[in-house]
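Novice: Take a look at the letters that make up each chain.
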Amino acid sequence: MSQKQVLERLQQRFGDCVTRVESDAIDPWVEVTPDGLTELCRYLRDRDDLRFNYCNSISVVDYCDLDGKASKAGWAPHLEVVYHLSSIPSKRTLVVKVMLPRWKDDVAGQLPELPSVSGVWSTADWHEREAYDLSGVWFTGHPNLQRILCPEDWVGHPLRKDYEMPLEYHGIRGR
Amino acid sequence: MATAPQSGIVELDVRTDEMLVNMGPQHPSTHGVLRLVLRTDGEIVSEATPHIGYLHRCAEKIGENLTPRQWIPYTDRMDYLAGMNMNLGWALTVEKLLDYDLPEKARHLRVIIAELNRIASHLVGMGTYGLDLGTFSPFLYAFREREKILDLLEDACGARLTYSYLTPGGATADLPPGWLQKLTAFLDQFEPVILDYHALLTTNAIFVKRAANIGLLSAEMAIDYGCSGPVLRGSGVDYDLRRDGETRYTSLYADYAFEVIVEKNGSYPRDHEYPPVPAEAVLGDCWHRFYVRMLEVIQAISLIRQGIEKYSLSTGDWGTPIKLSTKLPKGEAYLETECPRGQMGFYIVSDGTGPIPRRARARSSCFSNLSVAPELIRGCLIADVPAIVGSLDIVMGEIDR
Chain A
1 MSQKQVLERL
11 QQRFGDCVTR
21 VESDAIDPWV
31 EVTPDGLTEL
41 CRYLRDRDDL
51 RFNYCNSISV
61 VDYCDLDGKA
71 SKAGWAPHLE
81 VVYHLSSIPS
91 KRTLVVKVML
101 PRWKDDVAGQ
111 LPELPSVSGV
121 WSTADWHERE
131 AYDLSGVWFT
141 GHPNLQRILC
151 PEDWVGHPLR
161 KDYEMPLEYH
171 GIRGR
Chain B
1 MATAPQSGIV
11 ELDVRTDEML
21 VNMGPQHPST
31 HGVLRLVLRT
41 DGEIVSEATP
51 HIGYLHRCAE
61 KIGENLTPRQ
71 WIPYTDRMDY
81 LAGMNMNLGW
91 ALTVEKLLDY
101 DLPEKARHLR
111 VIIAELNRIA
121 SHLVGMGTYG
131 LDLGTFSPFL
141 YAFREREKIL
151 DLLEDACGAR
161 LTYSYLTPGG
171 ATADLPPGWL
181 QKLTAFLDQF
191 EPVILDYHAL
201 LTTNAIFVKR
211 AANIGLLSAE
221 MAIDYGCSGP
231 VLRGSGVDYD
241 LRRDGETRYT
251 SLYADYAFEV
261 IVEKNGSYPR
271 DHEYPPVPAE
281 AVLGDCWHRF
291 YVRMLEVIQA
301 ISLIRQGIEK
311 YSLSTGDWGT
321 PIKLSTKLPK
331 GEAYLETECP
341 RGQMGFYIVS
351 DGTGPIPRRA
361 RARSSCFSNL
371 SVAPELIRGC
381 LIADVPAIVG
391 SLDIVMGEID
401 R
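In the order they appear, the protein sequences are chains A and B. Each residue of the first sequence is one higher than the one before, starting from 1 at the first, in UniProt numbering. Each residue of the second sequence is one higher than the one before, starting from 1 at the first, in UniProt numbering.
Treat the hints as calculated values from the structure; they're not laboratory data. Keep in mind that a hint or two might mislead.
Per the computed footprint, the stretches of chain B lying under chain A, defined by three or more beta-carbons under 8 Å from a beta-carbon of chain A, are [stated by the list, open to error]:
1. 26-36
2. 219-227
3. 231-244
4. 355-366
Every residue, glycine too, gets a C-beta built ideally from N, C-alpha and C.
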């Protein structure tokens, strides 16, 4: 089964949850709504002819309009959570994306929520903690969602584009 | 000083007959600034929580403010023991985004350099693992040979530890004249030495007692936790990106004859020449992870020898590095390469507005490899903790990013 067929099959199987399929990109990807994410992931992992049993990476890309380039480049500010998956038995790869608003209900400081997939792949446990720590995405249902790289009492999420470094942390000068 | 709230699962609810033991962040056997909080009942460790982030150098944030070629030196400072392999990963990712094809000579050059660095990295892994298990001389012997490799890398790129040589578009320079002869002389001298290492460690009764049947990692768990490299293959999963990865990466190795180092039907490839697996060892234990690394050193030698031949025969040049300010097209690319420690993935996202990527992400192999450590440590003895952590061969710079 080619990558294109996998993407077509996901679109047929999940219908409304799969909102976009990009099979001409460098790495073909499928976009899924936050509600359908865990079900889609479970399907990808468990079906015998798919078996995406290896979660390579969970990355977050922040599209933020700081310098007014957004309208020129043609996108609206948002967050993208990108899941890079591969299948060890069939040696295939797949990219799953979820689009999120930068802040929940457009209230600055309220983290957008996304169901955790740590029950599907154990790797996701640490990767989601990292995504929460650095990019500010709240994974609901995660067993232990804490900061992993920054200290517990750190303020802000450093990989957000509009993050500003604190001027002072426990008496240490920031800049 | 203000007190930070306590974190982790372990710290909560400790019974009176239990004890919390902090290992690290500066303990010599944690291979960098890793803090392990152990809950112990006598000699038995019932729970372990790794705490990372003490090094946290914001490499990804820096990558989002530099052009791809400017970020090359930062990639090799992440995994400072295998900088060339890290360069290669990022270079290939950028080339994937730019759809840039390498000349043949540059491909062979990359294989030679990457495999040479793999040997250097595995030597450190081997030497320090001996150190973790209480033997010192293999460490010295390993570093003696590694020095010679560093001399060679210094000749090629001009630096000894912070070497960065491979770059998007090829390499920063051609190999210096006479370098290949020096390399061949080194390989001829180095190949018999490996048998000494096997005598010192692999078949050493104490070493086998301390590493065999310790820290068992099943193949399913290794895949579930996203382990990679020797940790994954030590559990018997036949997966190596040099053979199974993306075409852009596997095409480097396409003309090379090599077999993935993994136990198949109870034996390893080349099993007849090197010490057999001891009876105590169980697939997926610390000993197997170590053994896979040892055999990969031999495999790398054979790959370099093939590479030298192909490099000398191939025509064309060693590649033209892309310009520092090459504008990136709109799009994104993700690529994983087989680093000595496992699969190192880079992800580049460009919104098409300039030469600086919107997102430069590194998916590090040790990050996933370390996340399985609590599972391995649970229920073992305190003395086995260094053996288990050492067998994962972690580099904290890569984990903390």
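Novice: The structure should be examined with respect to each hint, and the outcome stated for every one.
Specialist: Verification of the hints:
For the segment 26-36 of chain B, the stated coverage by chain A is not satisfied: 0 residues place a CB nearer than 8 Å to a CB of that chain, which falls below the threshold of 3. By the rule of at least three residues with a Cβ nearer than 8 Å to a Cβ of chain A, the coverage given for the segment 219-227 of chain B holds, with 5 such residues. Only when three residues or more bring their CB closer than 8 Å to a CB of chain A does the claim for the segment 231-244 of chain B stand; here the count is 3, and the claim holds. With 4 residues carrying a beta carbon less than 8 Å from a beta carbon of chain A, the segment 355-366 of chain B meets the three-residue requirement, and the given coverage holds.
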